[in-house]
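Peer 1: Each chain, letter by letter, is given below.
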Amino acid sequence: MSEKIATTPGKSSKTALVLSETDPGFRKQVEAIEGAERLSLCFQCGTCTADCPVSRQTEEFHPRIIARLAKLGAKNELLGGDALWLCANCYTCYEKCPEDVKLTEIIVALRNLAVREGHVHPAFKAQMELIANKGAVYEVTEIENDLRETLSLPPIPSADAKDLRTIMKKTGFDKLTGIDLESE
Amino acid sequence: MTRKYALFLGCTIPVRANAYEVGTRKIAEKLGLELIDMDGVRCCGSPAMESLDRLTALAVAARAICEAEKMGLNMMTLCNGCAEVLGKANNTLKKDLKLREEINSILSEVGHEFKGAIEVKHLVRVLTEDVGLDAIKTTIRKPFGALRVAVHPGCHMMRPSDVVSFDDPLEPTALRTLVELTGAETVRFPDETECCAASVLAVREDLATEIARKKIAVAVKYADIMVTACPFCYLMYEVSQLTAEEMLKLPVVHYPQLLGLAMGIDYDDLAMGENRIDCSKIKEFQT
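Protein chains in written order, with the working numbering: chain A, 1 to 184; chain B, 185 to 471.
Since the hints were derived computationally from the structure, they do not count as laboratory data.
All figures in this text were calculated on a predicted structure; none of them were measured in a lab.
Possibly wrong hints are sitting among the right ones.
In the PhoX-like style, the derived pairs of lysine-lysine whose C-alpha atoms are separated by at most 25 angstroms in a straight line are [unchecked claim]:
(1) B:Lys-398 <-> B:Lys-433
(2) A:Lys-170 <-> B:Lys-299
(3) A:Lys-134 <-> B:Lys-254
(4) A:Lys-170 <-> A:Lys-125
(5) A:Lys-28 <-> B:Lys-282
Next up, chain B with everything else stripped away, as it sits in the complex (with noise of 0.2 angstroms):
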């Protein structure tokens, strides 16, 4: 069965963590998933923009999702900003209809009109929920062996719980079940949930690099790569080791691209040779 959605990259994948996106359009051509590219759009208003004026934020959310809507689909997220800001937006639209009245008169200057017609899903959750993980199983063909994986789901992806509704806020294990399918082992460390600090990059990049720089410092004890599902923690984690007076060495791997290798998906397919950190060690964990 083919599933369609339409594919929404958002700001930072298409200019800094291509990787990701090729990783995931290899695994969707092996899980029968058509995305369809979004044209037209590339921001989904942002936290940052919800942080300064929430009636504007909710507006370009809403802009985009009608988009989605136009084209009569499902929409896909890779970033997990993406996913909460849209998935906020979505289902604050459908349930508060005064709210939503109140936006489509600001979409209308625009020819735009949210009717509440699709959903927004994050790529781990359409994985988890829509494909399952039984069919996904049956696509592995070189899996891992060994392979001590930690795993960053990152925040938005289940926070706010009471808003996303999907995982355990605190404790969640999706991710880490998809990385499990691949063979590979995950490993518990200190304080592994906790965030990239990306939103304070641009306010105060020593501050979010140290805070990125220390998780990876606990993490590379107990783990041979790190493996994430959203371009802002995959990029916090990738730049600050490069920029560490010492270098700790631990790949950090975008989740279709591990599940793309124990596909049996070519290394170089799946642009690992973009990923900064060296990742060709992973090789010599498959079977």
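Bound conformation, chain A alone (with noise of 0.2 angstroms):
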């Protein structure tokens, strides 16, 4: 048995995976996060892959490969790497895989893996940082209140950023992500 497998056909060595540089345990892993038991399930129909809007624009994102590389185990590639962040999340692929795989939910739990890893994509934490300290991501100034006025619709909800940043200290989510949050 060869030692690479190539996991996008056509392409390069340099995508192909080393058997010796993958988890075994790592299927285990995934599976044991809820909404991903069934990964193990997956036997590469490529009906994901089909009708997935993001896979049918770029080469870069196919749903079908997370699968294969989460169930060899590839674990650097695939939580390091960027494809799991391009993701729509738009459960078609949830919706009509014959194994009920419910891949959408795989790749959550690992981009949940990735972040524990230490790899958070720059534009979610960007977000998070404006949730935690804005209260939500966007940020509200007197031009949006002035707008809403001459639309007769009242001023912008207060946000509660104080108890998110509470939540997010109790959960760890600061230290976990690594965003900054404001003083109180």
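Build the complex: two chains, separate frames, hints provided.
Peer 2: Rendered as structure tokens:
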């Protein structure tokens, strides 16, 4: 058996997976997470990728390959790579999978694991800092409320940023994701 | 009969999609829906937070639901993302008492307790299940004729189906039926249920915009306007046209704006001028 397995058909050896670098326990680690229990049932039919809106646009994200890499234990390649963060979270593959693998949930589980390995996509991190410090992903200024007044809309609700920061400290979310929390 | 809901606006509507809110408030008056503004909460937790840490996202969602519980009202959202995140948290914590205990121990730090006392519903679901199609029909004064509408319900309104339990996940009909109540014609087009890719926008703007633009390029061949019921879908389809080299000019309309027009509400009162792709031709289709 060849030591290298091509993960993306037609791609150069750069994308090949070196089996000795895989983690044989990784599949079980993923399947232990709620929603990701059915990973092993994936038989690589490709229905997920055929109907994936992102896969139709780019070679960089194929849900079928995510499932294959997870089953093969390609922990570092998956958790440290960019592909995981390109899922649109549309749940199309989740609904169409003939084996009910629930791939969207597996990708969420993999992202949760990636965060625990210190890999947080910077765009996600930036959004979380806004939520923690401003109470939502958009900061509100007078400009927004002035426009709303012209439309006879009430001012934008106040935000509960302090509560959110308290929750995040309690769950360890700030340390986990490395976000900076404004001091009280 | 008046039905009361706690109105959850979320992060995006009051900042980037005011017209959606204007339309919703206008049709609510005609339908006898009393919308009580929620204060002190602007974030549902978001699918993005769930991606990073499920427990934190669940606690943040539960924190928002607690505000509506305190008001003693069912919660209405206008955003598909909020509907899915809050609906999922609500259903999960109603069933899983062990997890509820864990979440409540977190929420006790901020003076809240999840009780599982209310429902969370998207506007389209409120219109379909609570108001009912017959009641909506009686409010139509100026129906559309021959207006061809590309219906875009988005993803999280009906997916994941085993969590959301509303409409068909792959052949959705709820928003289509509501559009048809206005007298407009709904068109079928290839890949009509495909995602707007809003969740990819922050990670890869070019890629997300191209996915949205491709759908518009197909829809414009079949329809006069596109109708959405989510601020993210709306913005993806509007902005992707505005930033295209050659603009396709398919007006994107929030569903309550369309229904409001059919109810005979004035075009300007529905903030139709806020939609950045000129919608004025829509008036020509009204009888």
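Peer 1: The structure should be examined with respect to each hint, and the outcome stated for every one.
Peer 2: Checked hints:
1. B:Lys-398 <-> B:Lys-433: Roughly 13 angstroms separates the two Cα atoms, so the pair holds.
2. A:Lys-170 <-> B:Lys-299: 20 angstroms, holds
3. A:Lys-134 <-> B:Lys-254: It holds: about 23 angstroms lies between the C-alpha atoms, which stays within 25 angstroms.
4. A:Lys-170 <-> A:Lys-125: Roughly 18 angstroms separates the two Cα atoms, so the pair holds.
5. A:Lys-28 <-> B:Lys-282: Holds. Lys-28 (chain A) to Lys-282 (chain B) sits at ~24 angstroms (cutoff 25 angstroms).
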